[in-house]
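For the record, the sequence lines run as chains A and B.
Using this note's numbering, the letters of the first sequence map in sequence onto residues 1 to 115.
Using this note's numbering, the letters of the second sequence map in sequence onto residues 1 to 112.
Be aware that a few hints might be false.
Claimed, not checked - What follows is a list of derived Cβ distance ranges for each label pair: (1) A:GLN17 with B:PRO112: 28 to 34 Å; (2) A:SER27 with B:GLU14: 35 to 41 Å; (3) B:LYS67 with A:ARG22: 24 to 30 Å; (4) B:GLU14 with A:GLY16: 48 to 54 Å; (5) B:VAL4 with A:SER38: 14 to 20 Å.
Claimed, not checked - With a straight-line cut-off of 30 Å between C-alpha atoms, the simulated DSSO-like cross-links for lysine-lysine are: (6) B:LYS68 with B:LYS50; (7) B:LYS104 with A:LYS9; (8) B:LYS107 with A:LYS9; (9) B:LYS68 with A:LYS57; (10) A:LYS9 with B:LYS68; (11) B:LYS68 with B:LYS26; (12) B:LYS59 with A:LYS57; (13) B:LYS68 with B:LYS104; (14) B:LYS26 with B:LYS107; (15) B:LYS107 with B:LYS68; (16) B:LYS37 with B:LYS104; (17) B:LYS107 with A:LYS57; (18) B:LYS104 with B:LYS26; (19) A:LYS57 with B:LYS37; (20) B:LYS59 with B:LYS37; (21) A:LYS57 with B:LYS50; (22) A:LYS57 with B:LYS104; (23) B:LYS26 with A:LYS57; (24) B:LYS50 with B:LYS107.
Source of the hints: derived by calculation from the structure; they are not laboratory data.
Fair warning: this is a prediction, and the values are worked out from it, not measured in the lab.
Glycine included, every Cβ here is placed at the ideal spot set by N, Cα and C.
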Amino acid sequence: DSGVTQTPKHLITATGQRVTLRCSPRSGDLSVYWYQQSLDQGLQFLIQYYNGEERAKGNILERFSAQQFPDLHSELNLSSLELGDSALYFCASSPLTGTSNYGYTFGSGTRLTVV
Amino acid sequence: QQPVQSPQAVILREGEDAVINCSSSKALYSVHWYRQKHGEAPVFLMILLKGGEQKGHDKISASFNEKKQQSSLYLTASQLSYSGTYFCGTHHSGAGSYQLTFGKGTKLSVIP
Chain A
1 DSGVTQTPKH
11 LITATGQRVT
21 LRCSPRSGDL
31 SVYWYQQSLD
41 QGLQFLIQYY
51 NGEERAKGNI
61 LERFSAQQFP
71 DLHSELNLSS
81 LELGDSALYF
91 CASSPLTGTS
101 NYGYTFGSGT
111 RLTVV
Chain B
1 QQPVQSPQAV
11 ILREGEDAVI
21 NCSSSKALYS
31 VHWYRQKHGE
41 APVFLMILLK
51 GGEQKGHDKI
61 SASFNEKKQQ
71 SSLYLTASQL
81 SYSGTYFCGT
91 HHSGAGSYQL
101 TFGKGTKLSV
111 IP
C-alpha cells in the first residue's frame, strides 16, 4: 500500500456518460497530480493541485475537470465520454510543489473502459 | 516536451547489465526514475538534481549530464525482480514548471 488511495479501481461506462474518479493523497502530502496512461502514450500529465489550488495544467481536455477539497482529497471529473478516453488514470502525490526534491507516490489507478 | 527514452525495450539474462537513457530538448532541473510492473502503479526509484552527483540504489544507479540534458539509468547484475517498464520523468527549469513530464518508457525483461 503506497498510501495514495484511488477509487474505484475499475469503471465501465457508456459513451456520453460522466464519471468521477477519487484520490486521497498520502498523509502529509499537499500536492496531487493526475496522469492518464494509455498503451502508446505513456504517462500523460493532466493537472496538478497544491493545497486546494490549481498549479499546473497539461493536455487536459475541456470535457475533463478536477478539484482538490479542504481535506486534500481530489476528484477528476470526466464528461461526455468517448471511446478514446478509455485508459488507466493515476493519481500521485508529493509533499510540496515548485520543487522536485521529492518523488511522487502513485496510487494503484482507476481503469476506465468506455463502451 | 516529452523526454525521449532509449531503448524502447530490452531483454536481459539474469546477471547481465543494462543502460537506459533519457534525453530532453529543454533545460532540466531534475530527473526522476520510476519502475512500473505490469498492472501496478509506478514506483519511485530515485531523483537526480541539477548540480547533484550520481546516485545509487542497491545495484541500480543513475547519472545526470546537465549540459547534454540527459540522464542514464544503470542496472547491474540484473535480477528477475528488475523486470518492468522504466520511466524517466523530467522537471524543467523555469518559473511555473511544477509537474513531471514522463517519457514513453523502456520495457525491461529479465529472463533466467
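Taking the hints in turn, this is what the structure says about them:
1. A:GLN17 with B:PRO112: 28 to 34 Å: violated (46 Å)
2. A:SER27 with B:GLU14: 35 to 41 Å: holds (38 Å)
3. B:LYS67 with A:ARG22: 24 to 30 Å: Distance hint for B:LYS67, A:ARG22 is violated at roughly 43 Å.
4. B:GLU14 with A:GLY16: 48 to 54 Å: holds (50 Å)
5. B:VAL4 with A:SER38: 14 to 20 Å: holds (18 Å)
6. B:LYS68 with B:LYS50: holds (12 Å)
7. B:LYS104 with A:LYS9: holds (23 Å)
8. B:LYS107 with A:LYS9: holds (24 Å)
9. B:LYS68 with A:LYS57: holds (27 Å)
10. A:LYS9 with B:LYS68: The given pair, whose Cα atoms are some 40 Å apart, is violated under the 30 Å limit.
11. B:LYS68 with B:LYS26: Measuring from Cα to Cα gives roughly 10 Å; hence the hint holds.
12. B:LYS59 with A:LYS57: Status violated; Cα separation ~36 Å.
13. B:LYS68 with B:LYS104: holds (20 Å)
14. B:LYS26 with B:LYS107: holds (24 Å)
15. B:LYS107 with B:LYS68: Measuring from Cα to Cα gives roughly 24 Å; hence the hint holds.
16. B:LYS37 with B:LYS104: holds (14 Å)
17. B:LYS107 with A:LYS57: Holds, because 28 Å separates the two Cα atoms, which is no more than 30 Å.
18. B:LYS104 with B:LYS26: Given that 30 Å is the threshold and the Cα spacing comes to 17 Å, the pair holds.
19. A:LYS57 with B:LYS37: Measuring from Cα to Cα gives roughly 27 Å; hence the hint holds.
20. B:LYS59 with B:LYS37: holds (18 Å)
21. A:LYS57 with B:LYS50: Holds. A:LYS57 to B:LYS50 sits at ~24 Å (cutoff 30 Å).
22. A:LYS57 with B:LYS104: Within the cut-off at roughly 19 Å; holds.
23. B:LYS26 with A:LYS57: Measuring from Cα to Cα gives roughly 18 Å; hence the hint holds.
24. B:LYS50 with B:LYS107: With a Cα-Cα distance of about 26 Å, the restraint between B:LYS50 and B:LYS107 holds, given a limit of 30 Å.
In this structure, the earlier hints numbered 1, 3, 10, 12 are contradicted, and the remaining ones agree with it.
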